[in-house]
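K.L.:
This is what each chain is made of:
4 protein chains.
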Amino acid sequence: MINVGIVGGTGYTGVELLRLLVKHPEVTVAVITSRAEAGIAVADLYPNLRGHTDLRFSEPDVKRLGECDVVFFATPHGVAQNLMPALLETNTRVVDLSADFRLRDTERWGQWYGQAHGCPELVAEAVYGLPEVNRDAIRQARLVACPGCYPTAAQLGFLPLLEQGLVATDNLIVSAASGATGAGRQAKVDTLLTEVSDSFKAYAAGGHRHLPEIEQGLHDIQGGRGEPARVTFVPHLLPMIRGIHATLYSRALSPDQLPDLQALYEQRFANEPFVDVMPAGEHPQTRSVKGSNVCRISVFRPQDRDTLVVLSVIDNLTKGASGQAVQNMNIMFGFEETLGLDLVALLP
Amino acid sequence: MINVGIVGGTGYTGVELLRLLVKHPEVTVAVITSRAEAGIAVADLYPNLRGHTDLRFSEPDVKRLGECDVVFFATPHGVAQNLMPALLETNTRVVDLSADFRLRDTERWGQWYGQAHGCPELVAEAVYGLPEVNRDAIRQARLVACPGCYPTAAQLGFLPLLEQGLVATDNLIVSAASGATGAGRQAKVDTLLTEVSDSFKAYAAGGHRHLPEIEQGLHDIQGGRGEPARVTFVPHLLPMIRGIHATLYSRALSPDQLPDLQALYEQRFANEPFVDVMPAGEHPQTRSVKGSNVCRISVFRPQDRDTLVVLSVIDNLTKGASGQAVQNMNIMFGFEETLGLDLVALLP
Amino acid sequence: MINVGIVGGTGYTGVELLRLLVKHPEVTVAVITSRAEAGIAVADLYPNLRGHTDLRFSEPDVKRLGECDVVFFATPHGVAQNLMPALLETNTRVVDLSADFRLRDTERWGQWYGQAHGCPELVAEAVYGLPEVNRDAIRQARLVACPGCYPTAAQLGFLPLLEQGLVATDNLIVSAASGATGAGRQAKVDTLLTEVSDSFKAYAAGGHRHLPEIEQGLHDIQGGRGEPARVTFVPHLLPMIRGIHATLYSRALSPDQLPDLQALYEQRFANEPFVDVMPAGEHPQTRSVKGSNVCRISVFRPQDRDTLVVLSVIDNLTKGASGQAVQNMNIMFGFEETLGLDLVALLP
Amino acid sequence: MINVGIVGGTGYTGVELLRLLVKHPEVTVAVITSRAEAGIAVADLYPNLRGHTDLRFSEPDVKRLGECDVVFFATPHGVAQNLMPALLETNTRVVDLSADFRLRDTERWGQWYGQAHGCPELVAEAVYGLPEVNRDAIRQARLVACPGCYPTAAQLGFLPLLEQGLVATDNLIVSAASGATGAGRQAKVDTLLTEVSDSFKAYAAGGHRHLPEIEQGLHDIQGGRGEPARVTFVPHLLPMIRGIHATLYSRALSPDQLPDLQALYEQRFANEPFVDVMPAGEHPQTRSVKGSNVCRISVFRPQDRDTLVVLSVIDNLTKGASGQAVQNMNIMFGFEETLGLDLVALLP
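Just so you know, the sequences run in chain order Y, B, U and E. According to the UniProt record's numbering, the first sequence is numbered sequentially starting from 1. According to the UniProt record's numbering, the second sequence is numbered sequentially starting from 1. According to the UniProt record's numbering, the third sequence is numbered sequentially starting from 1. According to the UniProt record's numbering, the fourth sequence is numbered sequentially starting from 1.
Any given hint could be a false lead.
If you only want the chain E side, here are some residues facing chain Y, beta carbon under 7 Å, derived [to be verified]: (1) Ala177; (2) Asp198; (3) Thr232; (4) Met240; (5) Thr247; (6) Val309.
Derived Cβ-Cβ restraints for the label pairs, each shown as a range [unchecked claim]: (7) E/Lys188 - B/Gly226: 46 to 54 Å; (8) B/Lys23 - Y/Asn3: 20 to 28 Å; (9) B/Lys23 - E/Ile40: 48 to 56 Å; (10) E/Gln186 - B/Lys23: 35 to 43 Å; (11) Y/Gly223 - B/Ala36: 48 to 56 Å; (12) E/Thr338 - U/Thr28: 15 to 23 Å; (13) Y/Gly223 - B/Gly51: 23 to 31 Å; (14) Y/Pro120 - E/Gln303: 21 to 29 Å; (15) B/Gly165 - U/Gly207: 24 to 32 Å; (16) B/Lys23 - U/Ala263: 55 to 63 Å.
Derived pair list, reagent style EDC-like, types lysine to aspartate or glutamate, alpha-carbon separation capped at 16 Å [to be verified]: (17) E/Lys188 - B/Asp190; (18) U/Lys188 - Y/Asp190; (19) Y/Lys23 - B/Asp342; (20) B/Lys23 - B/Asp54; (21) E/Lys23 - U/Asp342; (22) Y/Lys188 - U/Asp190; (23) B/Lys188 - E/Asp190.
Treat the hints as calculated values from the structure; they're not laboratory data. For each residue, glycine too, the CB sits at the ideal point set by N, CA and C.
With the sequences and hints as input, model every part of the structure.
P.N.:
Following this line, the structure appears as structure tokens:
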């Protein structure tokens with residue numbers, strides 16, 4: 001059994017971490033922090049946890065966190081980087097769900113996040129926590145930067161094509177849509193049910209913070225060969241709670257010599273416990289992964305033309321955030337990778 | 001480990017049984033039948049089960065079902081009663097999720113279901129599977145009639161008031177609302193998203209089949225004393241997937257001598273693993289039980305007047321159907337009652 | 001043509017007023033105020049109005065409002081009462097959509113709204129703007145207090161029963177549910193899509209501000225005879241945008257001498273342009289009135305017992321607020337009562 | 001006043017035609033046909049029309065239809081083409097909302113629709129009813145083929161770019177999503193609320209029937225110059241009722257010489273009553289056109305790179321079907337083009 005701490009537990013990734021961790025057979029959640037809700041029982045904020053935990057939110061306290069075996073950050077960007085130096089001086093290891101340590105280029109980080117990076121010295125050490133790409137490095141990592149939700153769906157979807165160098169990397173398109181939990185639990189007019197229900201829209205079409213993360217990740221998948229990936233990324237807001245659907249478009253470099261794409265995808269992910277390639281011709285639905293840690297993927301070549309289409313779905317709170325964080329933890333501590341994550345999606 | 005059979009597995013109670021049973025540590029699902037889908041892999045119909053089961057639907061076969069330790073019927077009314085005599089001649093036990101064996105009065109059953117009962121000789125033996133009322137009888141039962149969804153929410157909500165004889169039983173009101181899974185998975189215009197989304201309506205206000213079941217159950221809770229309960233029951237259709245919310249109105253018999261209702265409810269359900277009384281003044285939300293087997297209840301006495309209000313929520317597919325069926329199975333086979341059912345609701 | 005002013009136009013009743021008034025053939029919207037959005041084009045806040053109006057929000061200014069023929073208040077409670085004395089000194093007439101002048105008992109108003117009434121001297125003059133009850137008084141009124149959404153649905157539903165003295169008035173039950181627009185357009189966690197979508201709950205079961213308004217209105221409908229009405233009112237929050245559904249329960253005083261209820265309802269509302277009695281046995285759906293000013297009603301006597309059930313649906317923003325306000329304006333200014341309101345609901 | 005007939009009025013385009021036409025000041029709906037519902041009052045099927053029409057469905061009858069000034073077909077594909085020759089021998093004109101006369105290449109039609117075209121001799125005469133492109137031809141047309149929903153959104157979005165020859169036409173991407181009304185009103189498991197609510201998926205990624213229509217239309221917009229357009233079209237199903245959102249990706253041919261795209265779009269559509277270009281940087285929402293005939297468009301050039309992004313939203317039942325049909329009728333009969341269509345979208 002390991003002791004776990006959670007920093008910033010009042011948001012949706014926080015409650016999702018708790019949903020998973022209170023049933024994890026090797027974990028005790030020892031501390032969960034929130035400045036705003038300190039003293040409040042977690043189950044008073046999240047009634048689904050009534051009967052499953054007696055935890056109360058507490059003020060953040062590096063000493064107490066440092067006594068944990070691992071600390072999850074479920075905080076807005078900018079928080080983890082400030083606490084990190086002190087925290088890593090203790091014995092604990094960290095899984096950061098925020099964006100703070102995802103980009104290796106701290107200058108680019110600063111441009112997209114509108115502030116100077118507060119802890120550039122630790123960025124190089126951070127391991128990007130996409131197990132399907134970085135499993136070995138994660139095992140040893142002291143600091144794992146858990147991928148964003150859109151980047152997870154996009155990278156897993158493009159992975160086999162880019163590893164094999166089959167498509168042009170200067171013209172990748174990620175047309176993706178997220179349920180409203182992606183916008184967090186802040187009180188905002190923009191995400192009231194009355195504003196987003198029964199409607200659909202794109203947002204941040206001119207540029208979204210996940211773009212540089214996607215581009216960095218895709219270039220890594222190419223093994224850093226060739227030009228950096230150039231991605232056009234348009235996110236959309238879905239009138240629903242959970243789920244990300246990424247529709248990925250790319251151009252085959254040698255259309256006449258493409259391998260069997262279905263076989264390529266099935267083989268690449270055959271040993272991945274959390275990636276499921278759908279039967280040929282089937283389309284994945286976000287509800288098929290609701291509450292589960294699975295990414296389901298389909299690949300199409302419409303009209304046998306040059307443009308390839310990949311469909312990739314995840315639950316943005318699970319494989320897109322807290323589930324992947326637990327998966328990383330399992331790898332870091334030598335547990336079975338699926339421990340506590342072998343969940344059947346809630347369908348219908 | 002016991003072997004389980006499921007008859008009629010293509011509906012929503014069928015897939016919900018599978019969601020629960022494929023993770024149940026003491027169960028092997030040996031057979032699942034469907035005339036329409038025989039030969040099809042279950043996971044092809046329900047993609048959330050991909051990777052969790054290799055089962056295929058098969059034609060119903062009493063012999064094969066009879067080799068199971070327990071058989072669940074997840075069928076429309078009228079099916080279980082016809083198979084029951086032959087099935088009970090084998091060694092198997094049965095949990096029937098349909099309405100076939102819920103009413104002891106087969107004539108009343110015939111009036112409400114529009115056909116003569118096909119197996120009146122077994123009705124007396126059937127145990128009504130509401131564990132909070134009939135736990136001991138369930139333990140020994142060969143045939144358990146699992147309660148309907150609305151009746152579960154209504155009976156648990158009224159339970160303490162009626163056991164104590166605190167309210168008039170000739171004027172009970174059940175104003176309840178269900179998610180659309182309550183209407184099943186049949187292709188019908190009436191339950192298309194385009195017909196029921198962003199809308200709300202009552203239905204069957206003149207009389208719903210769950211009415212006699214509710215009245216029978218409430219009279220049983222009174223210990224059969226006094227006049228049969230008279231209930232006004234109006235169901236409503238919610239623009240959502242899962243969840244039942246029952247708002248129960250009753251009149252105090254002796255308003256000046258009412259006990260502390262909050263304490264009454266908390267004490268009555270203190271040892272019930274699947275009934276949770278909310279803190280005073282809180283209102284239960286259906287989402288707080290989504291995918292879980294819990295019933296959450298609140299009790300109010302507005303303006304300190306004579307009319308009492310009880311709010312009771314369940315997931316209609318879990319505590320309202322398949323979860324309760326598994327709870328009954330656990331009791332019948334001497335397993336821990338919460339085995340395989342200790343689930344955190346999916347929130348948000 | 002008359003000139004219209006709107007105070008507090010940034011909420012949902014404000015935009016709904018504009019939707020109706022920009023197409024009203026006898027109206028020019030001259031001014032719309034908002035402290036927070038002063039200077040902003042209305043169509044920038046509400047893109048559905050792009051191309052339909054060039055109005056901009058302005059600071060509230062009694063002089064400019066006083067030059068209008070009529071001023072609508074679409075403000076939170078407490079605002080209208082403070083502006084009213086100065087405003088009524090000008091020549092203008094007022095339709096107040098807020099709760100400020102609905103209750104004749106200002107002490108009771110103060111208890112429910114948590115503050116002393118700021119303008120008790122004008123309360124007696126205010127006419128309660130339910131045209132189906134007060135049409136003649138509205139015609140002459142200088143100040144119309146437009147009914148709340150729940151009270152509109154409840155009063156119209158109970159109207160024929162109470163006018164005829166057919167039911168006990170000490171035990172009326174209003175079990176009602178509203179779309180989330182009823183909670184307004186404020187940034188609140190409680191009404192985020194992620195919090196209320198795919199869920200259902202009661203709220204304020206211990207007491208809601210619309211209760212005294214409903215009780216006052218129902219007593220008025222009885223002609224003030226007998227004891228004041230005693231109502232148990234439980235509102236619920238629906239996972240949808242617009243619509244109120246009230247399920248009304250009452251006890252027949254002389255069950256053996258009840259008239260034909262269907263005929264009673266049809267006759268009472270035969271000449272009402274905005275009340276539609278459904279055919280016997282049909283249930284009204286909220287979507288059938290989405291965006292329209294109609295209230296649709298059904299009446300049932302389940303099992304021929306003593307409890308009567310009335311179903312009443314309105315669009316909370318139209319007949320429940322802004323549409324009824326325009327209906328009142330039409331009456332006040334001698335226009336055809338349906339002018340600008342003869343809208344087909346948006347279905348599907 | 002003209003007399004209008006509607007063939008196949010029980011689907012969603014039928015009820016939407018009625019919503020618009022019963023309020024159209026120059027129209028009398030004389031006949032509406034349905035084999036399945038003949039004899040039934042329209043308002044019994046569509047309660048939003050109660051009080052607005054006394055029409056009843058009747059059996060299709062060419063003679064009676066021929067006495068109308070114009071006949072709308074709101075039928076599945078294959079119906080209009082069979083009735084057309086007889087119908088056009090009468091004096092009537094036709095607006096066909098189905099796919100029967102949209103493609104000039106009847107062989108291609110046959111491939112995509114799985115049957116030989118039943119009336120190839122009239123295909124050449126049919127005018128493609130996209131007013132923003134074909135207004136003059138529509139004015140004189142005897143037979144107008146009303147565009148599909150996705151093709152309307154895609155063509156209006158790409159229009160200025162293709163007219164100006166600014167983007168490569170061999171690599172156009174239409175990533176689009178539709179509310180569930182796009183799937184019609186047939187009883188199907190696939191579009192039950194319980195199957196599509198709170199979920200999102202692509203469908204027909206391998207090829208959708210609207211693809212050849214989009215490609216034909218885009219080539220026409222280019223003036224038939226150059227190679228036929230090659231489009232990758234992936235439709236998605238949204239968990240909502242109405243609305244189409246098309247996200248269009250294209251590659252600039254001369255990135256260094258692109259004109260001001262915002263100005264280009266604003267100028268091109270300045271005189272179009274039903275196309276609204278959003279302010280620079282704004283994203284259109286489907287709810288902003290709910291129930292209205294407007295198409296709202298935004299154009300972006302993310303990161304100043306070579307890929308352009310256009311966002312285009314319509315109500316699939318209005319501008320995507322019945323509203324556009326009425327717009328065509330207005331043009332054909334010399335009415336003001338906006339007559340009966342000057343509707344404010346229902347928001348919220």
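K.L.:
Hint by hint, note whether the structure agrees.
P.N.:
Against the structure, the hints:
1. Ala177: Interface hint status for E/Ala177: holds (6 Å vs cutoff 7 Å).
2. Asp198: Cβ of E/Asp198 sits 5 Å from chain Y, so the hint holds.
3. Thr232: holds (4 Å)
4. Met240: Holds: closest Cβ of chain Y sits about 5 Å from E/Met240, inside 7 Å.
5. Thr247: Constraint on E/Thr247 satisfied, holds at 6 Å.
6. Val309: Hint holds; E/Val309 Cβ to chain Y Cβ min 5 Å, cut 7 Å.
7. E/Lys188 - B/Gly226: 46 to 54 Å: holds (49 Å)
8. B/Lys23 - Y/Asn3: 20 to 28 Å: holds (26 Å)
9. B/Lys23 - E/Ile40: 48 to 56 Å: holds (49 Å)
10. E/Gln186 - B/Lys23: 35 to 43 Å: The hint (35 to 43 Å, Cβ to Cβ) holds, given that E/Gln186 and B/Lys23 are roughly 36 Å apart.
11. Y/Gly223 - B/Ala36: 48 to 56 Å: holds (50 Å)
12. E/Thr338 - U/Thr28: 15 to 23 Å: Holds - the Cβ-Cβ distance for E/Thr338 and U/Thr28, about 20 Å, lies within 15 to 23 Å.
13. Y/Gly223 - B/Gly51: 23 to 31 Å: holds (29 Å)
14. Y/Pro120 - E/Gln303: 21 to 29 Å: holds (24 Å)
15. B/Gly165 - U/Gly207: 24 to 32 Å: Since the Cβ atoms of B/Gly165 and U/Gly207 sit about 27 Å apart, the hinted range of 24 to 32 Å holds.
16. B/Lys23 - U/Ala263: 55 to 63 Å: holds (57 Å)
17. E/Lys188 - B/Asp190: At roughly 10 Å apart (the allowed maximum being 16 Å), B/Asp190 and E/Lys188 satisfy the hint.
18. U/Lys188 - Y/Asp190: Roughly 10 Å between the alpha carbons, so the hint for U/Lys188 and Y/Asp190 holds.
19. Y/Lys23 - B/Asp342: Holds, at roughly 9 Å.
20. B/Lys23 - B/Asp54: Distance of about 14 Å is within 16 Å: holds.
21. E/Lys23 - U/Asp342: holds (9 Å)
22. Y/Lys188 - U/Asp190: At roughly 10 Å apart (the allowed maximum being 16 Å), U/Asp190 and Y/Lys188 satisfy the hint.
23. B/Lys188 - E/Asp190: Satisfied, since the Cα-Cα distance of roughly 10 Å is no more than 16 Å.
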